[in-house]
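Colleague: Could you put the whole structure together from the sequences, leaning on the hints where they help?
Note that the protein sequences, when read in sequence, are chains P and Z.
The first sequence: position 224 = 224 (my numbering), numbered continuously.
The second sequence: position 610 = 610 (my numbering), numbered continuously.
None of these hints come from the bench; they were simulated from the model.
To give a feel for the contact side, a few chain P residues facing chain Z, derived at Cβ under 7 angstroms:
1. Ser115
2. Val117
3. Gly118
4. Ser188
5. Gly189
6. Ala191
7. Pro229
8. Gly231
9. Glu245
10. Ser286
11. Thr287
12. Asp292
13. Arg294
Sample of chain P residues with no beta-carbon within 10 angstroms of chain Z, all distances over it, derived:
14. Ser35
15. Asp48
16. Arg54
17. Asp57
18. Glu79
19. Gly122
20. Asp125
21. Gly151
22. Asp210
23. Phe319
Chain Z stretches covered by chain P per the calculated footprint, using a threshold of three residues with CB under 8 angstroms from any CB of chain P:
24. 776-788
25. 812-823
All residues carry an ideal CB built from backbone N, CA and C; glycine is no exception.
Chain by chain, the residues:
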Amino acid sequence: MKVLVTGGTSLLGGAVARRLSERGDETTVFQRRPSGLGVHEEFGDITDASAVARAMDGADAVVHLAARVGVVGSWADFELTNVEGTATVLSAARQAGVSRLVFVSSPSVAHAGESLVGAGAGPADPEGTSGHYARSKAMAERLALGESDDGLNVVAIRPHLVWGPGDTQLIGRIIDRARSGRLATIGSGAALIDTTYIDNAADALVAALDRADRLGGRALVISNGEPRPIGELVARIVTAAGLDETSLRVPVSVARFGGRMAERWWELRDRTDDPPMTEFLAEQLSTAHWFDQRETRRALDWSPAVSLDEGFARLRRWFEDQPS
Amino acid sequence: MTAGVDDLITAPASLPPLGLPELDPKWSRLVTVPGLDGEGRTFHVLDNAEPDPDITLLCVHGNPSWSYLWRDLLALPPPDARVIAIDHLDMGYSERTGTTRRLEQRIDDLSALTDQLAIEGPVVTVAHDWGGPISLGWAHRHRDQLIGMVLSNTAVHQPTDDAAPTIIRIARSGPLLDTVAVKTSTFVRGAVEMSRRRPAAEVRDAYLAPYASAERRAAVGDFVADIPLEPDHPSASGLDDVAAGLEDLADVPALLLWGSSDPVFSDRYLHDLEQRLPRAETHRFAGARHYVPEEVHLAEAVSAWIGQLKDEPQVTAEEIERVPLWEYLERRAGDDDLAVVEMAEGASSRQITFAELAADVDRVASGLHESGVRPGDRVALLVPPGVDLSVSLYACWKMGAVAVFVDAGLGVRGIGSALRSAAPDYLIGIPRALVAARVMDWPGKRIAVEAPSNAGRKVQGIWTSLDELRQLGEGQPTPPQPGRDDLAVVVFTSGATGPAKGVRYRHRQAQAQRDVLMRLYDIQATDRLVAAFAPFALYGPAMGISSVVPDMELTSPGTLDAPALAEAAKAIDATLVFASPAALANVSATADSLSSLQRIALGRVRLLMSAGAPVPPALLERASRLMPDAEAHTPYGMTEVLPVADISLGEIFEAGDGNGVCVGHPVHGVETLIDPLDGQGRPIGEPGTDADVTGEVLIKAAHVKDGYDRLWLTQHRSAQPPGYHRSGDVGRLDDTGRLWIEGRMAHVIATENGPLTPVGIEHAVQSVDGVALAAAVGVGPEGAQQLVVVVATSPAPRRPRLADLALADRVRASVGAPVAAVLEVPALPVDKRHNSKIDRLRVAEWAAGVLAGGRLGPL
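Modeller: Below, the structure written as structure tokens:
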């Protein structure tokens, strides 16, 4: 199978490209900068129709990860990359005769703020989301799944909090803050949170690609299925890096307020990095977010190969191997 | 004389407007009965039009209401049943005739309508409120078709000695009727809202829809005016005819679905109907008010009952003839050995010999009979274990009265609601209980155990006393004795949740319980029992053995200390001790204060039994050290069947650790089955005996309860398959046939990898250093739940917190299943009575809130 992976420089994009390539699929990655993955690369912007068409030439399948993430930036920025970009990919796929496409989405496309306790994958709802990222991904997912038909099977996969060695998003930030003594647990730290170890997320995307002909038009949330209190997750990450597990405690209300202020400040200053706290993040970290994985596992015939415990052990080894 | 007569109008029948909640428009049709009133009349009916029914349900509403009341039955009818719900003329969407229709006319109307509908084959009538008499009048005229009657909060008789329902009396009083019932919608509106759960606004509006104007409400007033409160009322003879007609319907099965808190049709109307319909089954919905069909899932109860009616399972009672409950007492009627001894402050405070007890029981039994107590009458016994209780109980049993026991641990409110449900005709009590009965207006003529002063007589509202009954019964012939199938007892014990349920036993079932205990523990006439556990304080005379009640507060077993136990043993030279685990815990803790003579008395005990709550083996071992010659046993069972299984201390150690608590082999005559659980943690309905399959424990034995009292639906659900009792416990049989209990069904944790049971997990976690007590609970949706462990640690944290990584790791390592979270608390909630049963539902609710991101507040 000839597969195009968009967004190869991301943690998950790189992992899925390696998986596909290792098992013998003819894999191409598409992004703006070299990925160093050692597979065939095409460069360009996801909204550049001709660049995308070039990369897609001859492909049987696409894994579409390229997206704008985070909280900084205007709605126009998010809309351009996430919604326009997806539209560009879809039309190129149609033109190139691609038969299966996995759209990498996010559980936040169907929820905003409320606590999720054993939740399923509801339909993407741009009106009901919170923040530019989730809203743009919700619109893009709708677009993508709406395009699914017998000629082009589109499946949306929504991984929840992907992490692993080398992750600069979740793990990197927690460790940075722990090192500088600024790590805080919001609220009691007891909210149950699902996460997804990187290898499992990559396996699930490959499984979705392989079963796309039967899953066209569907959206599935994936996670390790091992929710943990947020306080425990943070402590495990921090101790894996050889640091002390204790952290400051910040009341939920303070974190929300601080997040709102930080967002304003960042906006005023036109900063391009993410603020240390946002209102969305404060909500995410203080309410439960875990999912009923039964339907996902049945549909994908997949289950996580790497447990949380094993994941943390690998993370610890990775930290130990880092030059200090 | 008829209210609203000036307003009577005529209007044709019509179909209900579209869009009424839960009402399918295709059920509605208009049926004209050509000859009625000479000119023909048109009814609105709901009809599910089942094409080839093998049964028809004829549903008759009351006032003010309409067929909308029965929409639940139309939506979910019993299999192959046609359901027809009618609107009376001038009511609902039926024709407004401009006439006043009395009870007899309405029975004629209904009969004419069913003729027109050409209903053939078997019929079950279903009626509520004043639809009751109409349906029963119809039933009497159609006896050949009638196979059953369902009645809900209705009446056929207005007792003259009693005030009519106040609301009806007020509503009926002259000018008010017109105002309340016709000119305004107050009556219609008020009646609809007469339910505990106020129906949704759209449903309330739907009830009001056909009664939008005073003209359309005219019959509502007529209906109320037609209630014959006085003997000379024009409809009085009609109602009397219906009531008299019930004599011909006495052999027809009936189901009475009753709201216990109806201000109109109170329990006394239920009891009146139960008297008239001996084959009636009752389900009394505690707390439900007048609009029962609106408050409960009527269709489930009706379908279950009709299913049983069509295909009545024959559960044959065991054929073994057993001796009566008083037989072993009578065999010792010439014996001057002590039968019952009460201890107080280290000495015997009261005692009675077998000869005295046997004679006294006969006297009181005759006295009860002479004073008018009849076989089957219920007698509540609010008397602590001892001489008076033994006399009262065996006297009741011997003359066929049904003893009602209410656990004093239920508290005044709980006792009151239990007594209102059981509705005893008489109440024998100690002074404290009689005062409470008077003040709280508990049912039953009051009988004092102690002859009261004149002043006390008045304060306690006493009808008679045991002494007066003795005098009355002296020299009288023995009254006729009850048979093995007659009811012996109704027992209310403290339930974990909700109001206590009455559990009924017939004489043969109580006899079987006595026999199984005697066989299990090889009880001989030479045995003597220390009964520190309330239920067993009663059975000494039934087994023909001496028994002693130690000096303790029986409702609070932890008040038994070692010297009190030993003094009781010494008083009768005891060979048997029965005590709850809470009592044994305190006995062990106070063992140091035993004198050497007391130790010698305990040394003669051959058997120590403990039950009432899970018995920790270590506790049993400590207690049995005080009784070195005693074999320690713990029977497993419940109020509905005891014992189910039994295990000795030695066998407990032999069984070792496992998932749950090993309660031993089922005892002789008990069959246990396991109904395996599905992915949602619910039983699949295929009980069997395969080893190592976890499921709900089902029990069959001659000493299983007869049923739950006035809770027909609860009983029906608990007796599936018929003849078995669904215990609500979850457990398994091992390959040697021993039963292991793993928790309660309500506490099963339904994870995506299948159901988990709490007890084994908790035991494993309690072996972790620093953990004093553990609760295993589930959070999240059934079938995808996550296991959460909540631990009380020592030293205790000041407030609840997330366990640190080290503790979480140790807890996870001890459990064989994934644990999502470990929470640490200063203490876990346990029941007050036994100080051992963890309130897992409360823990689960708390954990769910905390883990959803709520405050980590106190548990």
